[in-house]
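A.B. asks: Take a look at the letters that make up each chain.
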Amino acid sequence: MVTTPYVRAELLAHAPQGVAPGQPLWLGLSITHQPEWHTYWKNPGDSGLPTDLAWTLPAGLDAGEIAWPLPKKIPIGTLANYGYEGTVLLPVPVTVASSFAPSPLAKDATIKLRASWLVCRKECIPEEGEFTLQLPIQSTTALNGAAFEAAAKALPQPVLAGTNGIVPDSQAQIADGNLLNVSVQGLPVALRGKTLDLFPETAEVIDNAAQWKQAWNGSVWTAQIPLSAQRSASPSLMPVVLAEQSPAHATGPDTRTGYRAELKVLGTWPQVASVASVSPALEAALKANAAQASGAAAPAMGSGASSLTLTAALLGALLGGLILNLMPCVFPVLAIKVVGFTQHAQDRRAHRVSGIAYTAGVVLSFIALGALMLGLRAAGEAVGWGFQLQSPAVVASLAALFTLIALNLAGVFEFGHFLPSSVASLQARHPVADSFLTGVLAVAVASPCTAPFMGASLGLTATLPAPQALAVFAALGLGLALPYLAASFVPSVARALPRPGAWMDTFRKLMAFPMLATVVWLVWVLGQQSGIDGAGALLILLVGLSLVVWALSLAGRARVWMATVSIAAMSLLVWAFAPHITHIPTAQAATPSTQASATGWQPWAPGAAEQIVATGRPVFVDFTAAWCVTCQYNKKTTLANADVLADLQTKNVALLRADWTRRDPAITAALTQLGRSGVPVYVFYRPGKPPVVLTEVLSVDEVRATIAQL
Amino acid sequence: MKLLRRTLIATAALVALGAQAAATVGQPAPDFTLKDTSGKTVRLSDFKGKHVVLEWTNPGCPFVRKHYDSGNMPATQKDATGQGVVWLSINSTERASSDYLEPAKLMAWKQERKATPTAVLMDEEGTVGKSYGARTTPHLYIVNPQGVLVYAGGIDSIPSARPADIEKATNYVKVGLAEALAGKPISAATTQPYGCSIKYKSAS
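Chains as they are written, first to last, in my numbering: chain S, 139 to 848; chain B, -18 to 185.
Simulated from the structure, these hints should not be mistaken for laboratory data. Note that CB positions come from ideal geometry on N, CA and C, so glycine has one too. One thing to keep in mind: the hints can contain errors.
What the hints assert, rightly or not - With the C-beta cut set under 7 Å, the calculated list includes, among others, these residues of chain B facing chain S:
1. 99
2. 112
3. 116
4. 142
5. 171
6. 172
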């Protein structure tokens, strides 16, 4: 017996038939805690240590694991532990082998135990005790039979015990990367409808102290349990113990019964992004690069503490937004805008109102998109700028939207034909709303075009506090809207435009073609994501959609019949083909063309660049995506330039291509390291020297100059 | 428009959720401003461009004493700061706790054990500890020069209060820093922290 100020610990034994092969033998450590003090279960929870028993037994005796009785959940402020208060017996089954052969003279077997436990109230005391017990070999030891019997009852029972080995199907589905959807079958009827406590036997998986929801669905108990933000275990089988919830620090005898279920873990554990660090030299190089790119007075401060300042970032974003207007993705939307502009060329007030509404639409959607990105990042998703186009569903929706706009511009239908008149006249009656929505549309398509100077600013948003990051997004939007806003306020611009007339109809129809070109691009992007089947499915759906729109634009009986038939046909098409669009083909089936290795490009992998550089070979990495127009332009021009390719070959540069068309947390992490959050990014890694990040709009001269310095 | 509204609601919910979630490895480390034991203000972002180790500490905890009395923690600190790494020891023990030490006494305790952190910071309100999801003393974190959290977990691989185990254990912080300084990803980026619960101020 060991007595400390906090516990009384005693070694107990139960050997009703003496110590003999095949006969039951239990040893156990009984711990009686002072009020408020506790020791720990096998998974101690947020802190603490499980009690440890180290046995020294005569030859032939073999001690098993502790048969842990049902613990209690012990909340400590914002943390939670699993352990025992009051008196607990930690029983250990001992097998007696037939080789157990005490000398004929020996009356007792000597049992030695060295136990260590951590006893805590709020403060914690690690304690140890050495125990020795002389256990009679021939006679009964059953003095503590009741205590062992109670401990056996406190041992959690398997769910559905006794039904001929049918293993109930209990599972934990990983959801949203931060939640376990637990469902347990085979719990006893007596527990139904009651609120349960859950004790995970695997440590470091769930957020122990979190509040979570649970429900009974007939005989199945379900719960949504948040994962720990710093989870370090990823089991495939998660044994848990369930018991009726008891009030914290309940006194009196414990009448709960525990039930043990082994949860099959379904889904994949969210990857913890392993982040390589960037050396201070690279950091400095990146800073210089960012300062150079922003064109603002380079903050050449010796301290090196502040990277790109907020002002420079805002300026860079504004400039980037301006340049975005010239990018191929925004151009079609601007075309619509120009049509609208000429429509009321002489009404200056209308121009101003619509200019402000367009600006508001652009700025607010940029802020919303930025907030969504920051929100997803905060929630643990590895996303970067342009992330929305990594979703095939978004790409398909945009393609459908642009098809509709093109058909409308080409004159196939007028919105007024088939929409309720209240909605149809919205455009006419609410030019403000119309301008606002055009702004939203402009942002939706602009995001894949990361313009030069924007890369550094957007990368910074990942490290800035949320309000400042959103300010950068707002500045970007302002830049995009600025030319139109200015035009709507300067009367001379309106005067310079030609008068409305028949040419407008021609111009309008002409504008349908850039729209259709955009659709082609979106279909190609989807093809990269979902393969040829996905692209085919999207095309057939677009045809169906056009049919529906055309049918609705008819008049009279033809309209009723055609509309009915075409909508029915469209429903069938959606049912049959829509799944192909979001279906992501297996890796080998659809290797994105951007990874074609025929030209010496190798697919990028985490750490690959570092490994090659370590062998003394310089590396060029192209971070790209199919939906990134700037990337595709650079790839077809500068990166396909014969001089550039020859230079790269002369210097024996290894070429790596990181394809971000689909979501890839490893690439997102690599971009974050480089201080960027979107593509394109072009980097030269050099042995023994800091890497060089090139500008987004890649010129042949720039690449060749950099290669020359290798 | 309905879709837009839904998106906005989802965004707001996500932002609210994000504000509560504890720091995650691979994500930007939450910035903070705390006073050190001499009353000087220290900001995490002041150390951008350097690796920063955050060590939750409490001299009243036997696990902290295991690593300080044995000299293990001071040696790890010296090893780190010698390579240009910033080491911030943070005490999130609330004032009402029996473990609470006045700043001067805390500093004296550290100095007696030849500890050489860059600064010892007072977080009596527990806000910084909670923003990192710090649970135990000791609980260690590494922030990279870009301000991204790259390690969260224990000081070493053997959870025990026995000083004799230190020699047998893998010092995760030492190994992690060596990897990070060499520009490699940290192989054990999240591990089990072990020790006493942090004596946080109860939410009022």
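A.B. asks: Give a verdict on every hint.
C.D. replies: Now the hints, each set against the structure:
no.	hint	result
1	99	14 Å, violated
2	112	11 Å, violated
3	116	4 Å, holds
4	142	3 Å, holds
5	171	4 Å, holds
6	172	5 Å, holds
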